Amino acid sequence: MPEGSVCEKIGLTERVAQLREDYFKAVPEICIERPKLITQFSLKHNLLNQERISILDKAKTYRHVLESRKAIVCHGRACEKDERENKLKIFELENRHLSLFAGSTTSKFKGVPLYPEFLALTLWPELWTISRRLSNPYYLIEDEVWTLNHKIFPHWMKHNILELARKRCFDENLRKSRGKRPKYAPEMKLFERLVFFLASKPNCISHTIPDFSRVIRLGLRHIIDEANEKGNSTDDASKKEFYAAISEVLQGIIKYTNNLADEAERLAADEHDPKLKKELLEMATINRRVPENAARTFREGLTTVWICWIAIHLENPNVGLSLGRLDQVLYELYQQDINNGTITEEEAVELLCCLWLKIGDHVPTVPEAGEQLFGGTGSNQAITIGGVDKNGKDAVNDLTYVMLKATELMMLRDPNLNARYHPGVNSEQYLRRLCEVNIDTRATPALHNDKAVIKALTSKGETLEQARDYGVVGCVEPGSNGRTYGHTAAILLNLTSVLELTLFSGRHRHTGMKLRINEETDDPTNFENFDEFRDAFAKQVRWMIEQTTTLNNILGKIHQDFYPTPILSVLFEGPMEKGKDLVQGGATINSSGVAIIGLADVADSLSAIQKIVYEDGDISLAEFLKAMEKNFEGNGYEQLHKRLMDQEKTPKYGNEDPLADENVAWLADLLDREFGKKQNYRGGRYRVGYWTMTNHAGYGRLTRALPSGRKDYENFTSGITPVSGVTPSLAKALNSVAKLPAQCLSNGIALNLKFTPEKDREKMIDKFVGYVKGYFDRAEDQSTGGMEIQFNITTHDTFANAAKHPEKYPELLVRVSGYTAYFKDLNPRMQKEIIDRTEYQLLPGKAVPYEPFPLCKETS
Amino acid sequence: MPTILRRFVLRPVSNWFKGTDILLTRLGARKLKKQLLGTATDRLIELLLKAMSLSFYLLRKDVDYQNHLRDSEGKFFVGRYLFQTTKEDGIVASATFENGEMSVRKDAIPEWDVKVTFTSGEALRKFLFSEDQDIINSLAENEVEVEGNLNYIYKFGFMAKDLLRRIEVVLGDV
Chain A
70 MPEGSVCEKI GLTERVAQLR EDYFKAVPEI CIERPKLITQ FSLKHNLLNQ ERISILDKAK
130 TYRHVLESRK AIVCHGRACE KDERENKLKI FELENRHLSL FAGSTTSKFK GVPLYPEFLA
190 LTLWPELWTI SRRLSNPYYL IEDEVWTLNH KIFPHWMKHN ILELARKRCF DENLRKSRGK
250 RPKYAPEMKL FERLVFFLAS KPNCISHTIP DFSRVIRLGL RHIIDEANEK GNSTDDASKK
310 EFYAAISEVL QGIIKYTNNL ADEAERLAAD EHDPKLKKEL LEMATINRRV PENAARTFRE
370 GLTTVWICWI AIHLENPNVG LSLGRLDQVL YELYQQDINN GTITEEEAVE LLCCLWLKIG
430 DHVPTVPEAG EQLFGGTGSN QAITIGGVDK NGKDAVNDLT YVMLKATELM MLRDPNLNAR
490 YHPGVNSEQY LRRLCEVNID TRATPALHND KAVIKALTSK GETLEQARDY GVVGCVEPGS
550 NGRTYGHTAA ILLNLTSVLE LTLFSGRHRH TGMKLRINEE TDDPTNFENF DEFRDAFAKQ
610 VRWMIEQTTT LNNILGKIHQ DFYPTPILSV LFEGPMEKGK DLVQGGATIN SSGVAIIGLA
670 DVADSLSAIQ KIVYEDGDIS LAEFLKAMEK NFEGNGYEQL HKRLMDQEKT PKYGNEDPLA
730 DENVAWLADL LDREFGKKQN YRGGRYRVGY WTMTNHAGYG RLTRALPSGR KDYENFTSGI
790 TPVSGVTPSL AKALNSVAKL PAQCLSNGIA LNLKFTPEKD REKMIDKFVG YVKGYFDRAE
850 DQSTGGMEIQ FNITTHDTFA NAAKHPEKYP ELLVRVSGYT AYFKDLNPRM QKEIIDRTEY
910 QLLPGKAVPY EPFPLCKETS
Chain B
323 MPTILRRFVL RPVSNWFKGT DILLTRLGAR KLKKQLLGTA TDRLIELLLK AMSLSFYLLR
383 KDVDYQNHLR DSEGKFFVGR YLFQTTKEDG IVASATFENG EMSVRKDAIP EWDVKVTFTS
443 GEALRKFLFS EDQDIINSLA ENEVEVEGNL NYIYKFGFMA KDLLRRIEVV LGDV
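Chains as they are written, first to last, in our numbering: chain A, 70 to 929; chain B, 323 to 496.
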C-alpha cells in the first residue's frame, strides 16, 4: 500500500502560482454566449412553441452550441474589483503561463453561465445594478444588458421550466373547475411562499455523478458507432430517436475539441517563446486525439474528463454536478505513466492543480434575493477519493494522495473534495493524512464513513457492488457512480414550518397563512399526552410530504417533456442499454433526494415539550405558546428561556440524553419512512438527508421563536449538527449523531464541527484521528457509525475578525453545511452562524465558551 | 431685419428656453426620483406607471429605445399587469404594453399576465427598486404577492429600474 509521504515535498509550480493568483483576483462575469446560441437555434427551428421538445432537437441544439461557441485556449482578460472606486473593471491577463488544459466552461475567465430555460430570468430586474450589488456582484457591460433584454430573455418568458409548470397546474385546475378561475394549487402556493420548502427543479436537476470510465477507455467515436448500430437495429421509434440524438451531440463535442486544437495551433504559429509554442502544439495534439479516441496517457484521460465536463455544463445547470471517483477512474493511466517515466509525481500534481482551477472557472447564477439562501456558494462539484472498491478491498492508491496534495496546495472551494474512509480496511496512515489536509486547508476534505454509507444505500435497494462504488454528489449526498440519477436536492424541506403548523393549528405565524389539510387540524393545547402531540406532528409531516412530492413530480414531467439530457445520458450506465434518456428513467437507479432543514431545532423543541409540558407538567402548552409569541420576554418568560437553554435541565440532542436522542431518531425514522413511500416521476423513491447549504440561515430569518428556546429569527442549526452552545462534550455530540440509523440517512448528512487549531500539531492530529475513528467505527453499540463529518479548523475569534476585515482573509476557506466556500463571500447571517458554531478544543474534547457574534442592524 | 430679429431676439429667447427646458427636465426628474425612491405612499404604483407611460411617449420616436421594446423577431413586447393593494377600497392600477405603447388604467383589467398585490407603497418600492432587494422577506411576509407568470414581473422590474437609470442619467448621477 502507498506510503503517506507520497508528494510530501511538492509545492506550487510557477505556472500554477500565477494561474491561482489570477483566479483569486478575478470576479465573476456573466456570460451570454450559451443563452444567445440556444435562443438563436430555438427560434430558427421553432422549438419554443412545441408541445414538447424531442431529445433529437435538444441534441441538435447542443451540437450547434458546441460547434459555434468560442474555442478558448487562453483568456486575454478578466474582471477584478477596484476597491478604491468600489466598482468592477477589466484587467489584462499576462499569459506568461498557460493552463495545461484548453477550453472553458463559459467565454469568460470566471464566468456565470446563464440558463434561460431555468432561472436566468430572475436576474432581469437587476441587470443594470448587478455589477455593483453589495453581495457577490457579477460584471456585465451595457451591450450585454441590452442583448439579454432584447434578444434573449423575452423569448423565454413563457418557456422556462417554472412557467411551464405553473401554466400546466393552472390549466389542469381550470379544467377541473370547469372553466371558472381556479384556486391555486396548494403545492404551488406553498412553494411560492418560500418558507415551507424549496423545490429545485425550476433551477436544475443536475446533482449527479456521470461515469467517465467508458469515454476514457473507448473514446466518443466508438460510442457514436455503438449508438448508430443500436439505432439501426431497433424498430422502436423512441429508441431510434434516442440513439440518433446521442450520435448528433457527440459529433458536437468532437468538433468543439477540434476547434480548440485549431486555436492552439493558431496561437502556436504566432508564438515566439519556444516553451509556450511547444506547449500549445502539445495541447493541440492532445485535443485532436481525445475525447474522440481512447485516452492513452494520464493527461489525455484528464483532458477527456475536462472536455466532457464542459459539454455537460452546456446542457445542465452548474449546480451539484460532480466528478466522482477520479482516483479510481484515472489510476491505471496514472500508474502506467509513472512507471514508464512519462510523468513525475510533481507533474501529476501540476496537472491536477490546473484541472482544479478549470473546474472552478464558473459560479452558479444567484439573484440578489437568492443571496440570503445560497450566498457564497460555488457550483458544488464534488470529487470523491479513497474508500473501498466494488469487492470491498482498499481502493486508496498513489493517485488518491496526489489529489489530496493538489487540494492542499490550491485550497479552492470548487472542486469540493470528499474522502471516503472504511474503518478496518483503509489504513490509519491514510486517515491521518486526511486529518492533516483538513488542518492545513482549514476545511477540506469532508470525511464519509464507508460502512454507514454502504449500509444506507443497500437498504434502499442498491447491490453491495453498486453501493461500494459510491461517490459524493454536490454537498455530501452519496450515489452510485454513473448509475444513480438521484436529483439529490429535489426538495429542501423546512421542518420547522411543519412544527409551526402543528403548534398553531395549521397557521404559520410569520406569513399569517392558515392552511387546511385533509383531516381536521387539531388544537394541540387539548392534547393530553406527548404521543398525541407527536401523532399530530406526524400528520402534518405526511401532508407536507404529499405537497412537496406532488410538485416535484409535476416539475419532473415538465423536464421530461422539455428538457431531455442526451449528453449526460451518454455518461451513465443504463441509457445506452435501454435506449432511454436519463430524465425518462434511463438510469439504473432513479431516486429523488430530500434535504431536511432544522432537524436539531425541531428535535430539541419536541424534547422540551415532552419534558416540561407533559412529563414534569411545569407549564401548559397554551402558556408555552404564549411565551413563544412573546419571544420569551416579559411575564417571567425569561426564566423559562433560561431553563430551555440549559442542557442539564432540558434534554438537548447531542448530549447522549436518551429522551433527546430518541426524538431525533423518531424524526429520522418518520421522514425516511413517509418519504420512502412516495414514488417519483421516473419510477424511483425518495431518500432523505440532513444537509442545509446556507438555508438554515435563510430560513431562520423567516421563522419565529421555537419551543427549543431558539428566539425569533435566529439561525437554525446546520445539517445534522446539534444546536450550538448546548453540547459541551465533543465525544457525546459525536456519539449522539453516530447512533442514528444509517438506513434513515440515505441522502447524506453534514455534521459540521469546529476545532481550535492547536500548537502541538502532532498531538492534534492524534486526537483528530482518534475522534474520527471513534465516530465511524462503533464496536460498542453495534451501529454502523456516523455517516459523515466535516470541519472548520479556525477559531471563533479569527472568524469574527474575518467578518470585520474581509480584505485580510480573502482565501479563508470554510465548510458551510456540505460545500466549501470562501468566508468573505457569505452573507452576514451565514457568517454569524459559522462564527457561533460550537468550537471544540480537541485535546480536552470540550467546547470553548464564546460570546454570540452580533448581527449588524441592517441585516437582522 | 429678419437677421437682427433672429440674432438678437429669437436666438437668445430660444437658448433661454432650451436652458429652461433642461432645467425643468432636471427638476422634474429630481422630484420623480425622490418620489420613487423616498418614502412611498400607496400611490407609488400610479406614479410609477404614469412615469413609465410618459417615458414611452417621449421615447416613441427613439429608434434605439423602440428596438428594445421588441424582441429579436421584431415583435413588440405584449404584457398585461394588474397592481392592487390589499386594503379595502385600495389602489388598483393596470398597465398594458402592446404595439410599442403603454396604456394605464385606474381599474382592474379582466385578463392579466401577472397580478401584484401589495400591502403598501413602501412594500412595493422595496420589491421593485431596492438595490438590496429583499424579495424573500417581501414574499414570506405577505408584503407582496405575485400571481401569474413571474417572468413578467422580472421584465417589469427591469423597465422600472431602466426608468430610474434614465432619470439618473438626466441628473448626471451616473
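Keep in mind that the hints were calculated from the coordinates and are not lab data.
Since the model is a prediction, treat every value here as computed from it, not as a measurement.
Incorrect hints may have been included.
To be verified - Below, computed lysine-lysine pairings styled on DSS-like, alpha-carbon distance capped at 30 Å:
no.: 1; chain 1: A; residue 1: Lys529; chain 2: A; residue 2: Lys747
no.: 2; chain 1: A; residue 1: Lys236; chain 2: B; residue 2: Lys397
no.: 3; chain 1: A; residue 1: Lys718; chain 2: A; residue 2: Lys808
no.: 4; chain 1: A; residue 1: Lys893; chain 2: B; residue 2: Lys437
no.: 5; chain 1: A; residue 1: Lys156; chain 2: B; residue 2: Lys428
no.: 6; chain 1: A; residue 1: Lys258; chain 2: B; residue 2: Lys483
no.: 7; chain 1: A; residue 1: Lys626; chain 2: A; residue 2: Lys309
no.: 8; chain 1: A; residue 1: Lys227; chain 2: B; residue 2: Lys397
no.: 9; chain 1: A; residue 1: Lys309; chain 2: A; residue 2: Lys649
no.: 10; chain 1: A; residue 1: Lys78; chain 2: A; residue 2: Lys801
no.: 11; chain 1: A; residue 1: Lys129; chain 2: A; residue 2: Lys156
no.: 12; chain 1: B; residue 1: Lys448; chain 2: A; residue 2: Lys873
no.: 13; chain 1: A; residue 1: Lys129; chain 2: A; residue 2: Lys647
no.: 14; chain 1: A; residue 1: Lys842; chain 2: A; residue 2: Lys832
no.: 15; chain 1: A; residue 1: Lys227; chain 2: B; residue 2: Lys372
no.: 16; chain 1: A; residue 1: Lys236; chain 2: B; residue 2: Lys437
no.: 17; chain 1: A; residue 1: Lys129; chain 2: B; residue 2: Lys437
no.: 18; chain 1: B; residue 1: Lys437; chain 2: A; residue 2: Lys647
no.: 19; chain 1: A; residue 1: Lys746; chain 2: A; residue 2: Lys258
no.: 20; chain 1: B; residue 1: Lys383; chain 2: A; residue 2: Lys258
no.: 21; chain 1: B; residue 1: Lys383; chain 2: A; residue 2: Lys236
no.: 22; chain 1: A; residue 1: Lys462; chain 2: A; residue 2: Lys836
no.: 23; chain 1: A; residue 1: Lys746; chain 2: B; residue 2: Lys448
no.: 24; chain 1: A; residue 1: Lys680; chain 2: A; residue 2: Lys711
no.: 25; chain 1: B; residue 1: Lys448; chain 2: A; residue 2: Lys150
no.: 26; chain 1: A; residue 1: Lys626; chain 2: B; residue 2: Lys437
no.: 27; chain 1: A; residue 1: Lys113; chain 2: B; residue 2: Lys372
no.: 28; chain 1: B; residue 1: Lys483; chain 2: B; residue 2: Lys372
no.: 29; chain 1: B; residue 1: Lys428; chain 2: A; residue 2: Lys227
no.: 30; chain 1: A; residue 1: Lys699; chain 2: B; residue 2: Lys372
no.: 31; chain 1: A; residue 1: Lys801; chain 2: A; residue 2: Lys915
Unchecked claim - Which bits of chain B does chain A cover? Going by a derived footprint, with three or more residues having C-beta under 8 Å, they are:
no.: 32; region: 391-404
no.: 33; region: 481-490
Said to hold, decoys possible - Taking CB as the label site, the calculated pair distances span:
no.: 34; chain 1: B; residue 1: Glu420; chain 2: A; residue 2: Glu615; range: 38 to 44 Å
no.: 35; chain 1: A; residue 1: Asp835; chain 2: B; residue 2: Glu444; range: 35 to 41 Å
no.: 36; chain 1: B; residue 1: Glu395; chain 2: A; residue 2: Ser307; range: 47 to 53 Å
no.: 37; chain 1: A; residue 1: Lys113; chain 2: B; residue 2: Glu420; range: 22 to 28 Å
no.: 38; chain 1: B; residue 1: Glu420; chain 2: A; residue 2: Asp294; range: 51 to 57 Å
no.: 39; chain 1: B; residue 1: Gly412; chain 2: A; residue 2: Pro921; range: 28 to 34 Å
C-beta atoms are modelled at their ideal positions from N, C-alpha and C, and glycine is treated no differently.
Results of checking the hints against the structure:
The straight-line distance between the Cα atoms of A:Lys529 and A:Lys747 is roughly 13 Å, inside the 30 Å bound, and the hint therefore holds. Proximity of A:Lys236 to B:Lys397 is assessed by CA-CA distance (about 23 Å); at most 30 Å being required, the pair is judged to hold. Proximity of A:Lys718 to A:Lys808 is assessed by CA-CA distance (about 23 Å); at most 30 Å being required, the pair is judged to hold. Distance hint between A:Lys893 and B:Lys437 is unfulfilled; the C-alpha atoms sit about 38 Å from each other, more than 30 Å.
Only pairs whose Cα atoms come within 30 Å are accepted, and A:Lys156 paired with B:Lys428 is rejected, the gap being roughly 41 Å. The suggested pairing of A:Lys258 with B:Lys483 holds, with an alpha-carbon distance near 28 Å, which does not exceed 30 Å. Under the criterion of a C-alpha separation no larger than 30 Å, the hint pairing A:Lys626 with A:Lys309 is consistent with the structure, at around 22 Å. Simply put, A:Lys227 and B:Lys397 have alpha-carbon atoms about 15 Å apart, close enough for the 30 Å limit, and the pair holds.
At most 30 Å may separate the alpha-carbon atoms for a hinted pair to count; A:Lys309 and A:Lys649 meet this at roughly 10 Å. A distance of roughly 38 Å separates the Cα atoms of A:Lys78 and A:Lys801; the hinted pair therefore is violated under the 30 Å criterion. Between A:Lys129 and A:Lys156 the alpha-carbon distance is near 40 Å, which puts this suggested pair outside the 30 Å criterion. Proximity of B:Lys448 to A:Lys873 is assessed by CA-CA distance (about 27 Å); at most 30 Å being required, the pair is judged to hold.
A threshold of 30 Å between alpha carbons decides the hint, and for A:Lys129 with A:Lys647 the separation of about 21 Å falls inside it, so the pair holds. About 15 Å separates the Cα atoms of A:Lys842 and A:Lys832, which keeps this hinted pair within 30 Å; it holds. For the hint pairing A:Lys227 with B:Lys372, the CA-to-CA distance comes to about 27 Å; that is within 30 Å, so the pair holds. Among the hinted pairs, A:Lys236 with B:Lys437 is consistent with the structure: their alpha-carbon atoms are about 15 Å apart, no more than 30 Å.
Restraint check for A:Lys129 and B:Lys437: the C-alpha separation of about 37 Å exceeds 30 Å, so the hint is violated. Taking the CA atoms of B:Lys437 and A:Lys647, the gap is near 45 Å; set against the 30 Å cutoff, the hint is violated. A hinted pair counts as satisfied when its Cα atoms are at most 30 Å apart, and A:Lys746 with A:Lys258 qualifies at roughly 24 Å. In summary, the hint linking B:Lys383 to A:Lys258 is not supported, as the alpha carbons are separated by about 42 Å, beyond the 30 Å threshold.
Between B:Lys383 and A:Lys236 the alpha-carbon distance is near 36 Å, which puts this suggested pair outside the 30 Å criterion. Distance restraint check for A:Lys462 and A:Lys836: the Cα-Cα separation of roughly 27 Å lies within the 30 Å cut-off, and the hinted pair is therefore satisfied. Annotation: proposed proximity of A:Lys746 to B:Lys448 is violated, straight-line Cα distance about 42 Å (limit 30 Å). The suggested pairing of A:Lys680 with A:Lys711 holds, with an alpha-carbon distance near 15 Å, which does not exceed 30 Å.
For the given pair, B:Lys448 sits about 27 Å from A:Lys150 by alpha-carbon distance, which is consistent with the 30 Å threshold. Between A:Lys626 and B:Lys437, the direct Cα distance comes to roughly 26 Å. Compliance with the 30 Å bound is thereby established for this hinted pair. Between A:Lys113 and B:Lys372 the alpha-carbon distance is near 37 Å, which puts this suggested pair outside the 30 Å criterion. Pair hint B:Lys483 plus B:Lys372 holds up; C-alpha atoms about 15 Å apart against a cutoff of 30 Å.
Note on B:Lys428 and A:Lys227: the hinted pairing holds, with a Cα-Cα distance of about 27 Å set against a maximum of 30 Å. At most 30 Å may separate the alpha-carbon atoms for a hinted pair to count; A:Lys699 and B:Lys372 exceed this at roughly 44 Å. A threshold of 30 Å between alpha carbons decides the hint, and for A:Lys801 with A:Lys915 the separation of about 10 Å falls inside it, so the pair holds. Here the region 391-404 of chain B counts 5 residues with a CB under 8 Å from a CB of chain A, which clears the bar of 3, and the coverage holds.
For the region 481-490 of chain B, the stated coverage by chain A is satisfied: 4 residues place a CB nearer than 8 Å to a CB of that chain, which reaches the threshold of 3. For the pair B:Glu420 and A:Glu615, the beta carbons lie near 41 Å from each other, so the given range of 38 to 44 Å is met. At roughly 59 Å, the beta-carbon separation of A:Asp835 and B:Glu444 lies outside the given 35 to 41 Å, and the hint is violated. The supplied range of 47 to 53 Å is broken by B:Glu395 and A:Ser307, whose beta-carbon atoms lie about 32 Å from each other.
Checked against the given bound of 22 to 28 Å, the beta carbons of A:Lys113 and B:Glu420, roughly 25 Å apart, stay inside it. A hinted range of 51 to 57 Å holds for the C-beta pair B:Glu420 and A:Asp294, which are about 53 Å apart. Hint check: B:Gly412 to A:Pro921, Cβ distance near 42 Å, so the stated range 28 to 34 Å is violated.
Hints 4, 5, 10, 11, 17, 18, 20, 21, 23, 27, 30, 35, 36 and 39 from the earlier list are contradicted by this structure; the remaining hints agree with it.
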